[in-house]
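Colleague: Protein chains in written order, with the numbering used here: chain F, 35 to 366; chain V, 35 to 366; chain A, 35 to 366; chain B, 35 to 366.
If you are wondering where the hints come from, they were derived from the structure by calculation, not from laboratory data. Since the model is a prediction, treat every value here as computed from it, not as a measurement. Incorrect hints may have been included.
With a Cα cut of at most 20 angstroms, we get these calculated EDC-like pairs of lysine to aspartate or glutamate [claimed, not checked]:
| no. | chain 1 | residue 1 | chain 2 | residue 2 |
| --- | --- | --- | --- | --- |
| 1 | F | Lys348 | V | Asp85 |
| 2 | B | Lys104 | F | Glu94 |
| 3 | A | Lys104 | V | Glu94 |
| 4 | F | Lys104 | B | Glu94 |
| 5 | A | Lys348 | B | Asp277 |
| 6 | B | Lys248 | A | Asp277 |
| 7 | V | Lys104 | F | Asp172 |
| 8 | A | Lys248 | B | Asp277 |
| 9 | V | Lys104 | V | Glu293 |
A few chain V residues facing chain B, derived, Cβ under 8 angstroms [said to hold, decoys possible]:
| no. | residue |
| --- | --- |
| 10 | Thr246 |
| 11 | Ile272 |
| 12 | Ser276 |
| 13 | Asp277 |
| 14 | Val288 |
| 15 | Met290 |
| 16 | Leu312 |
| 17 | Pro315 |
Here are a few chain B residues that sit away from chain V, every Cβ distance over 12 angstroms (derived from the structure) [said to hold, decoys possible]:
| no. | residue |
| --- | --- |
| 18 | Val38 |
| 19 | Gly59 |
| 20 | Ser65 |
| 21 | Asp85 |
| 22 | Thr115 |
| 23 | Gln143 |
| 24 | Leu207 |
| 25 | Asp210 |
| 26 | Ser260 |
| 27 | Asp284 |
No residue lacks a Cβ here, since even glycine has one placed at the ideal position from N, Cα and C.
Protein chains: 4
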Amino acid sequence: MIVVMKQNVNEDRQNQLIDWLKGMGLGVHVSSGEYQTVLGLIGDTSKVDMDLIASLDIVESVKRVTETFKCCNRKFHPEDTVVSVGDVKIGGGNFAMIAGPCSVESEDQIVGIAKAVKAAGAVLLRGGAFKPRTSPYDFQGLKATGLELLKIARAETGLPIVTEIMSIADLPLFDDVDVLQVGARNMQNFDLLRELGRTNKPILLKRGLANTLKELLMSAEYIMASGNEQVILCERGIRTFSDYTRNTLDVSAVPMLHELSHLPVIVDPSHATGIARLVPPMAMAATAAGADGLIIEVHNDPMHALCDGAQSLKPDEFEKLAAKVNQLRGIL
Amino acid sequence: MIVVMKQNVNEDRQNQLIDWLKGMGLGVHVSSGEYQTVLGLIGDTSKVDMDLIASLDIVESVKRVTETFKCCNRKFHPEDTVVSVGDVKIGGGNFAMIAGPCSVESEDQIVGIAKAVKAAGAVLLRGGAFKPRTSPYDFQGLKATGLELLKIARAETGLPIVTEIMSIADLPLFDDVDVLQVGARNMQNFDLLRELGRTNKPILLKRGLANTLKELLMSAEYIMASGNEQVILCERGIRTFSDYTRNTLDVSAVPMLHELSHLPVIVDPSHATGIARLVPPMAMAATAAGADGLIIEVHNDPMHALCDGAQSLKPDEFEKLAAKVNQLRGIL
Amino acid sequence: MIVVMKQNVNEDRQNQLIDWLKGMGLGVHVSSGEYQTVLGLIGDTSKVDMDLIASLDIVESVKRVTETFKCCNRKFHPEDTVVSVGDVKIGGGNFAMIAGPCSVESEDQIVGIAKAVKAAGAVLLRGGAFKPRTSPYDFQGLKATGLELLKIARAETGLPIVTEIMSIADLPLFDDVDVLQVGARNMQNFDLLRELGRTNKPILLKRGLANTLKELLMSAEYIMASGNEQVILCERGIRTFSDYTRNTLDVSAVPMLHELSHLPVIVDPSHATGIARLVPPMAMAATAAGADGLIIEVHNDPMHALCDGAQSLKPDEFEKLAAKVNQLRGIL
Amino acid sequence: MIVVMKQNVNEDRQNQLIDWLKGMGLGVHVSSGEYQTVLGLIGDTSKVDMDLIASLDIVESVKRVTETFKCCNRKFHPEDTVVSVGDVKIGGGNFAMIAGPCSVESEDQIVGIAKAVKAAGAVLLRGGAFKPRTSPYDFQGLKATGLELLKIARAETGLPIVTEIMSIADLPLFDDVDVLQVGARNMQNFDLLRELGRTNKPILLKRGLANTLKELLMSAEYIMASGNEQVILCERGIRTFSDYTRNTLDVSAVPMLHELSHLPVIVDPSHATGIARLVPPMAMAATAAGADGLIIEVHNDPMHALCDGAQSLKPDEFEKLAAKVNQLRGIL
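Build the full structure now, drawing on both the sequences and the hints.
Modeller: In structure tokens form, the structure reads like this:
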């Protein structure tokens, strides 16, 4: 950690600070330049409150030179992590196409879509049973029943299932689910993350609406520090001033996360844009940027079939897209 | 709800949509202009999936004309809600100064600060026992012990206590806490909100980092729809591109929330700026804009006392600020 | 234009508004629903001040149903515009690779890079002569001399040149430049746009740091309404809270702009990310999303060659990327 | 400037960098810690390309420890600058209330409003003659005629006039204008700024929609470095995700700019919110935060008088607000 002192600082006060830092067990290397003095802190600085030091009136600024994330840091684990779900592998060159409806609605619906997306090349089935909704008056999902229907679809198709968990209290219901998803709104629900770190299931962790890449990695760190290293990161669009799409897909997160971390990174173009006709170009863009997989909404109910779904593709559109993505994967 | 159709829409498809809407029990009023047709939906449109309709290729746009929030909506409840905590009242002309340390650290610390802030005019004591931290390696708070220390400070000073709850599982520990705080990161932890709606305690609900005012009100709605109408809204800074302050305090949220809702609105200038020397001007600004109270970090430990705390005021700075705020309240 | 009235509006005041609207030559179609009255305005509403009407205390909201952009609107011009620069075509299936240094520095430099990027497949040469810099103390470009050096590079390679114009006063100097670029900071310098609309040169118009797609199209409209229809739109990253990259590349702007407008859309991955090693994945992503071209910074000076340029590729990196982009174009 | 090297850097490459830096005339102080080496650069680092160094693959990060703004920096000029406009003073404890219509429309209108705002306590008259409009089809202002009408209003009331200049070419028309305003969209129109620096008139410089405080100060620096030190900074709302107000007023910019710079700082609550009924609370908030003045839209035309103007106050509302602001100023 580097502490840059202000100009013309009172020496007594500077020495007070140095003593206090040494009292925390740190080595302090003082380097005096023409204009300013810089303190280099040596030792375990992970417990040092950077904001507090930065706030001292004798301090100009503080810079941490060692990252605070360890388990997910590529520096300490250079090889790609490969997450395994049954026979499916994600990361380290393995690309996973995940597809399914926004919400599980009925056995016919989920089994129908599962068969369709499997035929088109999906290797995992997604579907919401517990739904986080902005309004308490909106449909909150079929909950336990929805989970049972997902298992039926799995039995019929062999596709492992991915579905969102919103609360620790529901964890026993998810015993037989293959991949647990943490939604964007729960990315910093630290108690939930810690508890998921105690399971032995792969976790699909979505980036929050306005969270930095570092915050996403620190949330992965919560899971991993509790003992579960099977984490899949997911970029799903961030909140910006831009108003044509629901969110702004931050495609650059894919190569940047790959550089910072060894964890696999997938992209959700459906939630990122909220517009079905933008899903194929954004899925292609994410793949071209190096994503390890895609998670895409596909529907088959009559009203949706009548038209474009808000953000869901029809099975035949998904099939076309999956073929295109495969072709693109071939040249990367 | 107003549905604006695209130009030159196929009539059969338009009729299909109208029939489908009528099938949901809605009245449909068709108004054909020179360029475009507009459908006015009459009846309970709260269940209608606006995004789905907007996504139809025959639809230009959809506009909801009735708000989806009801319990917290000023239209349906024109008088200000006054939240009572013991003898303290918040809202409807009652201004509450809430103060205390970021974290509860020891009995001496919390009792010392409690006495100091009471003397300076605070009517409620804040202090973190369960701390949401970005990193799993940072101090997570004294937890149950911290709550016991807060109660000691309450016993010594008579100040009711406000402290953050992060998980439903911890609820029994908060039985004897006066006001439960929901942090910005949990603003859309819907299971937690619903459960807090089943308690009979006032809830201090902080706005999320990147949440709109409507989303904040919908989260209040989760609590209120479960039966608890004692909700205090709190603006605490939003995430923007601006990089000098930790967050950007959205002062306009105060009059805007007062217009939309009858709930009291307080402001947290400490977290909004992250810089102690900006707390007094921002506290004054929030008061001038009509806030029903302030929640301010105050410290008294030696290292902080040595200097400006990152975002905490010293007790004497808080005392000066409280006097200034009172003077300002006098002329509003 | 749709005007949604508030509930229980005083009828006299509503009639005053209707009369005022009719006085502006508009037809007004009144549609009264159970809850609310909606006015449909018919006629030329482009002169109506939407904000003023929205601000009336009897009005709930106002919605424009016809776009205010006309010249660049795909609705009124369904075929793709193809911009021609000598033999080079951009748009309508024609993909243009534009490359060159950030700044023109010397004849050797610009001619050297021009030859290198031409060999690698670039069809236009970019290079800054007039440089917009945040600080008045930073290098402002070689100006007129830089333009002369660009022309020498064009003579040596046959590549048409693209360079930024910052001020109307400089226009005579750009007489022999092939494509005039408007930088992000000048996207809403309306006097400049209008004047460029009076030239007969293709204009490369960059999206501003925090401008919506509609604002970008309205700026294109300034140029086109003045008589110049040769406009190329350029997405170059927007300003968000995300802090790992300099800006956040909004790849979804590509298909969205193609939907709204018939103008060609290119992407600048160098400025969007500010990090050379992110340029190739973002260039691939933009191409996969359907961009009509790329504008990429390439350098060859010794210090840059020693290392990664902040955002510039080395010629051999550009060559590899150009080949990869071509391969990708083949499967789209 | 502090350059933090990566861990385990090749020594030859590090020495190459050090030699290159020394070749630029800088002193280099090498400080080797346990984990990392830090270079302290001594001398005139204002010409050093920070981004280029940061991009070297042997460099972890670069930090500038001396600000790049000089003329407007409070460090080098501790006393408040007081800008004088005739007898009116702004800054250094002098508060200026500036008011007037959005656009100058007619002699009657501008003279009428000028008299009304003067009576209510305004000391400067604002009014747009050249209007920056997003759409080329919107009213662009009365231009030269508008300037003449402003001068008539000045002659009738004695109020100095403030009005926006959009282009260098118009400068001769502004010879007899008292304060030249640079709008948000032109904050980084560097040629315009430089030219205004060659005039001897006070410049009111508005913060851009998505510009940081540092960028605002660097734009002030353009004006000041050209010789004109009479700059007034103006916060007018920034672009964020928040959608109830047109922009988000960043009130914390007021104390922060006062800390960084000696220039006066005023606030425009009308453009910041776009909603007339939010102007009074935001004007009060800005004053409470320490603003040196306010610039407020006031109208008196019949349609506006019929109702709330989009963002303009009626003269009597302005009078009430001005009295309240004065009262607040009394207790600060």
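Colleague: Each hint: holds or not?
Modeller: Here's how the hints hold up against the structure:
A hinted pair counts as satisfied when its Cα atoms are at most 20 angstroms apart, and Lys348 (chain F) with Asp85 (chain V) qualifies at roughly 16 angstroms. Only pairs whose Cα atoms come within 20 angstroms are accepted, and Lys104 (chain B) paired with Glu94 (chain F) is accepted, the gap being roughly 17 angstroms. Straight-line distance between C-alpha atoms of Lys104 (chain A) and Glu94 (chain V) comes to about 17 angstroms, which keeps the hinted pair within the 20 angstroms bound. Between Lys104 (chain F) and Glu94 (chain B) the alpha-carbon distance is near 17 angstroms, which keeps this suggested pair within the 20 angstroms criterion.
Taken as a hint, the Lys348 (chain A) and Asp277 (chain B) pair is broken in the structure, with Cα atoms around 43 angstroms apart against an allowance of 20 angstroms. Of the pairs offered as hints, the one joining Lys248 (chain B) and Asp277 (chain A) holds, with about 16 angstroms between alpha carbons and a cut-off of 20 angstroms not exceeded. For a cut-off of 20 angstroms, the pair hint linking Lys104 (chain V) to Asp172 (chain F) stands: about 13 angstroms separates their Cα positions. At most 20 angstroms may separate the alpha-carbon atoms for a hinted pair to count; Lys248 (chain A) and Asp277 (chain B) meet this at roughly 16 angstroms.
Distance check on the hinted pair: Lys104 (chain V) and Glu293 (chain V) sit about 14 angstroms apart at the alpha-carbon level, within 20 angstroms; holds. Of the supplied interface hints, the one on Thr246 (chain V) holds, with its beta-carbon coming within about 6 angstroms of a beta-carbon of chain B, less than 8 angstroms. With its C-beta approaching chain B no nearer than about 6 angstroms, Ile272 (chain V) sits inside the 8 angstroms limit, and its interface hint holds. Among the interface hints, the one on Ser276 (chain V) holds; its C-beta lies about 6 angstroms from the nearest C-beta in chain B, closer than the 8 angstroms criterion.
Annotation: interface hint on Asp277 (chain V) holds; nearest CB of chain B at approximately 6 angstroms, less than 8 angstroms. The closest approach between the C-beta of Val288 (chain V) and any C-beta of chain B is roughly 7 angstroms, which is under the 8 angstroms cut-off, so the hint is satisfied. Hint status for Met290 (chain V): holds, given a least beta-carbon distance of 5 angstroms to chain B, under 8 angstroms. Taking 8 angstroms as the C-beta cut-off, the interface hint given for Leu312 (chain V) holds, the closest approach to chain B being about 6 angstroms.
A least Cβ separation of about 4 angstroms between Pro315 (chain V) and chain B falls short of the 8 angstroms threshold, and the interface hint therefore holds. Every Cβ of chain V is farther than 12 angstroms from the Cβ of Val38 (chain B); the closest lies at roughly 19 angstroms, confirming the non-interface assignment. Residue-level check passed: Gly59 (chain B) sits 30 angstroms from the nearest beta carbon of chain V, beyond 12 angstroms. Distance check for Ser65 (chain B) against chain V: the nearest CB is about 25 angstroms away, which clears 12 angstroms, and the non-interface claim stands.
Listed as a non-interface residue, Asp85 (chain B) keeps its Cβ farther than 12 angstroms from every Cβ of chain V; the least gap is roughly 16 angstroms. Distance check for Thr115 (chain B) against chain V: the nearest CB is about 20 angstroms away, which clears 12 angstroms, and the non-interface claim stands. For Gln143 (chain B), the condition that its CB be more than 12 angstroms from all CB atoms of chain V holds, with the nearest at approximately 29 angstroms. Look at Leu207 (chain B): its CB is around 35 angstroms from the nearest CB on chain V, clear of 12 angstroms, so calling it non-interface holds up.
No beta-carbon of chain V is positioned within 12 angstroms of the beta-carbon of Asp210 (chain B); the least distance is around 37 angstroms. The beta carbon of Ser260 (chain B) sits about 26 angstroms from the closest Cβ of chain V, which is more than 12 angstroms, so the claim that it is off the interface holds. Consistency note on Asp284 (chain B): stated as away from chain V, yet its beta-carbon is not over 12 angstroms from all of that chain's, at 5 angstroms minimum.
Violated hints, in rising order: 5 and 27; the structure is consistent with all others.
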